[in-house]
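Knowing the structure of chain A, use the given hints to seat chain B on it.
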Amino acid sequence: MRGNELLDKMELIDSAWVEAADAGPKKKRAVWMKWTAAAACLSLVAVAAAFGVMGRNADNVTRVSLGGIERKYKNVKIAAGELARIWPWEYLTVSEQYVTLTLNGEEYSVRSSVDASCIGSLLGSFELTGTDPYTDEEHRMTAEVYQIAGISEDRLVAAKLEGEFYVYGRNAYLPPADWGEVLDDYALERTLSFDHFTEYDGVEEKGHYRLSDDEAVWKILSACRNAEFVAEDSLPGGRYLSFTVSSDVLGVYRRVFSVTEDGYVWTNIFDYAYGFRIGKETADQIFSCAAELGGKAEPEPFTDTLAGTLTEIKDGYLTVDDAVLCQDERDGMQFQIALDDIRIRRHIDCGDIAVGDLVVVSFTGDIHVGAGNVVGGVCSLSRGYWSGEELFIPE
Amino acid sequence: MDDSEIVALYLGRDEEAVRQTAEKYGSRLRSLAYGIVCDRQTAEECENDTYMEAWNTIPPHEPESYLYAFLARIIRHISLNCCRNRSRLKRSALILELDAELEQCIPAPDDVECRIDDMTLREAINRFLGALGEEKRNIFIRRYWYLDSIADISGRFGMSGSKVKTTLFRCRSQLREHLKKEGYTI
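If you read the protein sequences in the order shown, they are chains A and B.
With positions in the first sequence counted from 1, the corresponding number in the numbering used here is that position plus 97.
With positions in the second sequence counted from 1, the corresponding number in the numbering used here is that position plus 607.
This is chain A alone, in the form it adopts within the complex:
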């Protein structure tokens, strides 16, 4: 029997259990997870355009931008998601291994790495734990834990692992009294900036914009410190501006910060869905400010993506050739992906991906043309699947 047959045979599962799974309970964290799901949906849309489509012409050639390099591809679409792949312990990065930090009896979960320049005073040495999913063995280590400059250690701290600093966020649901409290606890004016945003009318996307300067927005937001916390479990509706926000210091990447026309801000940057009633007048000011300072922009992909055939693995690099995507295969270009990152190397070491496979590479850096098209900031490698004229990346 093969996997596809077993998938078919799952229909043999007791129907009572099938029905029970359809009525599954929703937990408190579902509040923010809904946002994550929404963000995932957005990322699907975004990744569909991740090649940075610059235009199509009559002969069905799509001009795309790969980290600033213009390419001419056949009409290509990508749907991306997450791989349901679990790696052996030794193939996990240290931050993937030690995901939980216990500090003064409170649990914190790892977010992302943070630059040493943001680190404050030493809080002490504390225990980190992680579980090997293959053996269920619990691993423990002690690491120095630091305050992150300006941010309450009740919310976020940084642990030093193998010489790098990683942000850990407290797990507990601790709703603030008002907007002022999160401004102070997270030093938001200093740690968060507003740049790219999308205007929505209900579910309809009205346009993408980029702010030339966010100082005016922060001035408005800083003036409404008393905006009360809103606990309702609902996503923004009506007309709203959705800012895409990332912050190394907060350990968040491409989260959502929305301002609704009816006077609320909603965000998932604190892991849970937090809403604040800023009032219609304040919201109007932000809308005016966005209209004045926002210039038209392209949709932003979750990460940049390049795809092609894995043609060679040697000298610490793998080579991806995009000829298969080109209208004329002779126009193919080769890209170098460094294998020094375990997140890339493990696909090769574990035999998931081999020479000849179609692959998709996500990256957040630039492509260094002078160095032989070395792709910077590579964060994931996935197998791609051809299907007719479309390229799919499985979840």
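Bear in mind the hints are in silico, worked out from the structure with no lab data behind them.
Here the structure is a predicted model, which means the values were calculated and not measured.
Glycine included, every Cβ here is placed at the ideal spot set by N, Cα and C.
Just so you know, not all the hints are guaranteed correct.
Claimed, not checked - In silico DSBU-like cross-links for lysine-lysine, where the CA-CA straight-line distance does not exceed 30 angstroms:
| hint | chain 1 | residue 1 | chain 2 | residue 2 |
| --- | --- | --- | --- | --- |
| 1 | A | 106 | B | 770 |
| 2 | A | 106 | B | 772 |
| 3 | B | 772 | B | 743 |
| 4 | B | 631 | A | 106 |
| 5 | B | 772 | B | 788 |
| 6 | A | 257 | B | 772 |
| 7 | B | 770 | B | 743 |
| 8 | B | 743 | A | 106 |
| 9 | A | 316 | A | 377 |
| 10 | B | 787 | A | 106 |
| 11 | B | 631 | A | 257 |
| 12 | A | 377 | A | 303 |
| 13 | A | 106 | B | 788 |
| 14 | A | 171 | A | 411 |
| 15 | B | 788 | B | 743 |
Stated by the list, open to error - Chain B residues, not near chain A, derived (Cβ > 12 angstroms throughout):
| hint | residue |
| --- | --- |
| 16 | 619 |
| 17 | 623 |
| 18 | 630 |
| 19 | 651 |
| 20 | 655 |
| 21 | 656 |
| 22 | 663 |
| 23 | 777 |
Using the frame of chain A, we list chain B on its own:
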């Protein structure tokens, strides 16, 4: 109309059976199909094909006490095949991935001679699921029966994507061990 009356209409070859089925279960079935194919028009086609299949299979089947489960199983099968046969559907990639995930549960995937009959496999799978905790069982079923994405499962159960992946990974390992231990070669 209750299920036994609807089934009686099928058994009496009364076309009102299909209308009553659609009225009672149409939206649930459509939504189930949509969850698998992620395409509204295709989901509607799957729904209509399900009524046709029900018409053709009742009789001999007489699912008075499990009509919805009977229809759900049909529409899952039709929707799954739809994803496999229509590569334009984005979901066809997910199906490939799910196939690969479940292959990890098969002790002897390359052995074409080894087969297990449906009755035995049903018992094996259900015994395995019965031994899982409720939440793990539901997560497993959401992934491999409803074909949910990791993000959808994360949202439903309020846990991180990595936790969902780990849970599924452990469930697959346990299913493989269960099948091996009980001597099934599938």
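Discussion item. Could you work out which of the previously given hints the structure breaks and list their numbers from low to high?
Written reply: 11 and 23
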